[in-house]
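Trainee: Go ahead and model the full structure; you've got the sequences and the hints to work with.
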Amino acid sequence: MGIGLKVRRLALLAGMAVCALGLSAAQAAEKHKIFLSMSYIGNDWQAEAANMVKAMAAHKSLADKVDLQVQVAGPNAQRQIQQINAMVQSGAEAIVVYPISPTALNQVVKNACDKGVKVFAYDAEITEPCAYNVHIDQLEAGRVTAEWLVKKLNGNGNIIAITGVPGTSVDDQRTKAAKEVFAKYPDIKIVGEAVGMWSQAVARTELSKILATRNWDDINGLWMQVGCFTANSMQLEAGKKTSELLPCAGEGSNGGRIQMLPEGTEVEGAAPPYAPAGAQRISYASPPYSGALALKLAVEAIEGKDVPKTTILPLPVVTNETIKLCDEGTWAEMKAGCNAFKPSLVSNPGWFASIFSDQTPEVGLAAALVGQPEN
Amino acid sequence: MSSASLSSPGSGGLGLRRALMRNRGALIAAAVLAILLFIVDWISAGPLTYFDVSFLSSGGATSALAAIGQTIVILSGGFDLSAGAVISLVNAVLASSMDPMAPGASIILWTAVGIGVGMAVGAFNGFFIAVLRMQPIVVTLSTMFILQGVTLLVMDKPGGFVSPDLGTFYLGDAITGWLPMPLVVIGVVLLAWFWLKGTRFGMALYAVGSDTESAASVGINVVLVRFAVYVIAGGCYGLAGVFISAQTGSGDPLVGNPLLLSMFAAVVVGGTRLGGGQGGPVGSVFGAYILMIVVNILLVLNVSAYYSTIAEGTILVLAALAGSISHASVLAVQLRAARARLAAWRAGILPSQLERVDRRLKITEPSPGQRSPAAPRPAFHLRNAETLRYALPAYVCLLLIVVVTQIWLGRAILNPGYWNSLLVLSSFLAVLALGQGTVILTGGLDLSVPWTIGISGVVLAGMVNGSDAALVYALPVVLVMACAIGFANGFGIVYLGISPIVMTLATNGILQGCALLYSQGTPAGFSSPMLRWVMTARLAGLLTPIVLLMVVFVVAAVLLLGRTPFGRRVYGIGNGLRAARLSGIGVERTLILVYMLSAVCAAVVGIMLTGFSGQASLGMGDDYLLPSIAVVVVGGALITGGRGHYLGMLGGVLLLTALQMLLAGTTLPYATRAILYGLVVLGAVMALRERRLQ
Numbered sequence: 011m012g013i014g015l016k017v018r019r020l021a022l023l024a025g026m027a028v029c030a031l032g033l034s035a036a037q038a039a040e041k042h043k044i045f046l047s048m049s050y051i052g053n054d055w056q057a058e059a060a061n062m063v064k065a066m067a068a069h070k071s072l073a074d075k076v077d078l079q080v081q082v083a084g085p086n087a088q089r090q091i092q093q094i095n096a097m098v099q100s101g102a103e104a105i106v107v108y109p110i111s112p113t114a115l116n117q118v119v120k121n122a123c124d125k126g127v128k129v130f131a132y133d134a135e136i137t138e139p140c141a142y143n144v145h146i147d148q149l150e151a152g153r154v155t156a157e158w159l160v161k162k163l164n165g166n167g168n169i170i171a172i173t174g175v176p177g178t179s180v181d182d183q184r185t186k187a188a189k190e191v192f193a194k195y196p197d198i199k200i201v202g203e204a205v206g207m208w209s210q211a212v213a214r215t216e217l218s219k220i221l222a223t224r225n226w227d228d229i230n231g232l233w234m235q236v237g238c239f240t241a242n243s244m245q246l247e248a249g250k251k252t253s254e255l256l257p258c259a260g261e262g263s264n265g266g267r268i269q270m271l272p273e274g275t276e277v278e279g280a281a282p283p284y285a286p287a288g289a290q291r292i293s294y295a296s297p298p299y300s301g302a303l304a305l306k307l308a309v310e311a312i313e314g315k316d317v318p319k320t321t322i323l324p325l326p327v328v329t330n331e332t333i334k335l336c337d338e339g340t341w342a343e344m345k346a347g348c349n350a351f352k353p354s355l356v357s358n359p360g361w362f363a364s365i366f367s368d369q370t371p372e373v374g375l376a377a378a379l380v381g382q383p384e385n
Numbered sequence: 010m011s012s013a014s015l016s017s018p019g020s021g022g023l024g025l026r027r028a029l030m031r032n033r034g035a036l037i038a039a040a041v042l043a044i045l046l047f048i049v050d051w052i053s054a055g056p057l058t059y060f061d062v063s064f065l066s067s068g069g070a071t072s073a074l075a076a077i078g079q080t081i082v083i084l085s086g087g088f089d090l091s092a093g094a095v096i097s098l099v100n101a102v103l104a105s106s107m108d109p110m111a112p113g114a115s116i117i118l119w120t121a122v123g124i125g126v127g128m129a130v131g132a133f134n135g136f137f138i139a140v141l142r143m144q145p146i147v148v149t150l151s152t153m154f155i156l157q158g159v160t161l162l163v164m165d166k167p168g169g170f171v172s173p174d175l176g177t178f179y180l181g182d183a184i185t186g187w188l189p190m191p192l193v194v195i196g197v198v199l200l201a202w203f204w205l206k207g208t209r210f211g212m213a214l215y216a217v218g219s220d221t222e223s224a225a226s227v228g229i230n231v232v233l234v235r236f237a238v239y240v241i242a243g244g245c246y247g248l249a250g251v252f253i254s255a256q257t258g259s260g261d262p263l264v265g266n267p268l269l270l271s272m273f274a275a276v277v278v279g280g281t282r283l284g285g286g287q288g289g290p291v292g293s294v295f296g297a298y299i300l301m302i303v304v305n306i307l308l309v310l311n312v313s314a315y316y317s318t319i320a321e322g323t324i325l326v327l328a329a330l331a332g333s334i335s336h337a338s339v340l341a342v343q344l345r346a347a348r349a350r351l352a353a354w355r356a357g358i359l360p361s362q363l364e365r366v367d368r369r370l371k372i373t374e375p376s377p378g379q380r381s382p383a384a385p386r387p388a389f390h391l392r393n394a395e396t397l398r399y400a401l402p403a404y405v406c407l408l409l410i411v412v413v414t415q416i417w418l419g420r421a422i423l424n425p426g427y428w429n430s431l432l433v434l435s436s437f438l439a440v441l442a443l444g445q446g447t448v449i450l451t452g453g454l455d456l457s458v459p460w461t462i463g464i465s466g467v468v469l470a471g472m473v474n475g476s477d478a479a480l481v482y483a484l485p486v487v488l489v490m491a492c493a494i495g496f497a498n499g500f501g502i503v504y505l506g507i508s509p510i511v512m513t514l515a516t517n518g519i520l521q522g523c524a525l526l527y528s529q530g531t532p533a534g535f536s537s538p539m540l541r542w543v544m545t546a547r548l549a550g551l552l553t554p555i556v557l558l559m560v561v562f563v564v565a566a567v568l569l570l571g572r573t574p575f576g577r578r579v580y581g582i583g584n585g586l587r588a589a590r591l592s593g594i595g596v597e598r599t600l601i602l603v604y605m606l607s608a609v610c611a612a613v614v615g616i617m618l619t620g621f622s623g624q625a626s627l628g629m630g631d632d633y634l635l636p637s638i639a640v641v642v643v644g645g646a647l648i649t650g651g652r653g654h655y656l657g658m659l660g661g662v663l664l665l666t667a668l669q670m671l672l673a674g675t676t677l678p679y680a681t682r683a684i685l686y687g688l689v690v691l692g693a694v695m696a697l698r699e700r701r702l703q
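Residue numbers (my numbering), protein chains in the order written: chain A, 11 to 385; chain B, 10 to 703.
Computed Cβ-Cβ distance ranges for the label pairs, DEER-style:
id	chain 1	residue 1	chain 2	residue 2	range
1	A	D228	B	S115	51 to 57 angstroms
2	A	D74	B	A493	40 to 46 angstroms
3	B	L141	A	D227	45 to 51 angstroms
4	B	A546	A	K345	41 to 47 angstroms
5	A	D316	B	L205	56 to 62 angstroms
6	A	Q369	B	P109	34 to 40 angstroms
These are computed hints drawn from the structure, not numbers from a lab. Note that the Cβ used here is the ideal one computed from N, Cα and C, for glycine as well.
Mentor: As structure tokens, this is what we get:
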């Protein structure tokens, strides 16, 4: 009895899932079956990247060719291994994956490759040679931002460093490269260092802890992987004027970008601290479009085109000299050089603004926000 | 269930029936797994081949091996939070010490190294828990932090090399085409367990888990049994670490950490009761595979990403429910009770329908003014001796940390900014400690805290969107939503008989899905100026408004737990469910209220974090789960319930926050900080040791 009930319930669940999503496996027979294995979806970056992948799959150039199924592995590498195996078993032609670990997936990825499945990793790297990787050069990211900060401080000053998730290659590479730069300037001192977990909320807590025993006046600059928006907000709360904001090398959140605009700029929907403040910034990011690009490359690879194993994306860097507000955020507009979005369009300041790529005219702001492709 | 080796083999049908009853948990878990396998086979395109079985068996093996170890600890009445960290450490040790130039590696040697590392950690845990009689949860939590630091020292980023020989051996076939090696490894471990269970040690293990004092009084060496349990469990985690190294062929210092929560779910789904004495590792193995196969079910059903955590949570609850279907299950008992109540109501004999007259026995009536002036009230420190003994260590350590901060960093004791920051940063955990603490006082645990925080913040920010006026209706809406979440938790635990860990873990997943669906992945809106003012302003340049509110909150919390009927019921339930029920406490109603309180506290933290950060982010509650448990235990509460005082928990909050502020002010590497943090927590709770058993 219990068993019958359970089967019925699960069948019902299955029915609901199929109905709710309006999916029909039958009609996808001639399309390329491609899976997306995501990591943890509980943060802005991951959700944005997923939206862009979905938008790419829905774009008219790919919609007839691709049957995309999205699965989530959570933070657990073991589950992602299982998931990729299951994807291979159910006949995937390509798997686009946000790898939870650069090394733990090697065996399963090799196994997938052996069966002719193309595996594309975006943002982070898979070290197995048969995998395709699409990401930025994290060493360059660390170096460029550190060099910018050193230059702003004329090689002299106390800085605070907020790093990412310890034990990941991305954090390791960025932090090491930055520290190598700082080490060349004996007058640059790192007086405080904390783990920021790539989260504005954590960055705020950690900065508050550091500032409990220090003053803003003792600090000359900030090097953060994520958190410049928050750091600027905290300085304004502490009574600093916008002209006194410390130079901050950090992430490409839209809130941070809006703060970079000269003070007094008219921006629709802006309210402090999510408002122009003329903050001295270099803004970089792992761009969330990398998944969408990986999907596009995966289709090309399935169709027999020659795709390089490693695609190093250009590092999206925006400084006060290059910051420019978008009007609507279409791809064409971004192509013309805009790189920040109005708060009336993007109400979340932690949202990542580095969504433009030459190579992905299929996706613009609407893709990143709601998964809708460009025309 | 401790009579495993006592059952007489000769009693035929009766013996079989008894054996079935005894292993009900494991059998039901096996049945659920079979059904899920059948479903996968039924709805996926091709038939289930040996290949699939082989994949599935290796996919779940790490969790299964670790779950076996965790089960043994739980059977003995313990709790081990260091399991995931041990797996990471073994992985890092193997990957960094194998020589890539010499690909031929001895499987026996490296397996022994892995198990040895695990056992060494187990001995460390065992020493503090068994010999020094400290609470398992806080010892293993400290060990977890220490190990995470040590792992990062061994290997600071993913990489390294694990010989393919290991992979070939552990992932290959024992009998080609018939029997995958992972199943053999698990089988061997289970056989070893069956042997162990039959020995005097096995009996002693169940006895200690069922009732420590009885076990001690019949002459069992409780210290030795407990110590051995952690060493054996460490060996299992070590083997799991070896297996994951073989499976991945390399090292990743973070690989094991996320396995921890699913390990507990596997144990509970497999029919082992938290608190000890009942269940066994076989069920946990099935439990681990049930959780693993859910991945495949989600894939074949093509459940969209945002729905996946909801589906997982639902499956977890259904599996737990299926595991409890029987005449004696809580659900059945509650249904019978409801029927009886209905019948009584029809007959007009419900207590509430009877005439209100005093039916108390006359002999128990206390004579008025019995307390004679000859026997004065004992002094304050005597009346509250126990509370003081358990609450004071946290404050003493806090003082030490503040002094060290002053000496090391300067600007602490005389710096009002330091104290203000300490109190503001403590406020989040102080609120959580009331909710989580009350749940722990009743002997439960609330794992749905992270996403209750997340969804509350996201919903609030979305509704408020920078307008103070909107707070008037947004705050009640969020708090009512939290009440509903807490009610759902409490209902599942009380009326459906699902264990608190599984129920709240499932709720957490469902809430995560809901938060993602509500926000479409990007939380909109931001905090209103008023809320931000409360969390970040400085009155007279010194004091943040939230600090004043915290004073009110602390007073209210102390009164709630210490001076109200609700508080006394909470302690009553924690000290003995049966006694509480017999003395007329509405256990069901009280437990549901307790979980509602916890959810409301989490929601308040979500609101506070939104004010503090100015916006809400999805995963903002993730970092608060383990600390919320840690502060309660560091503050002197007993994880099994019944003992603890809110002021003690508050001391725990202040201590851990002050410690983090000290560490943040230094430029020590993260690995060193993690180790120091673990050591200080361990040292702080040394004073909380149980007194020697008489």
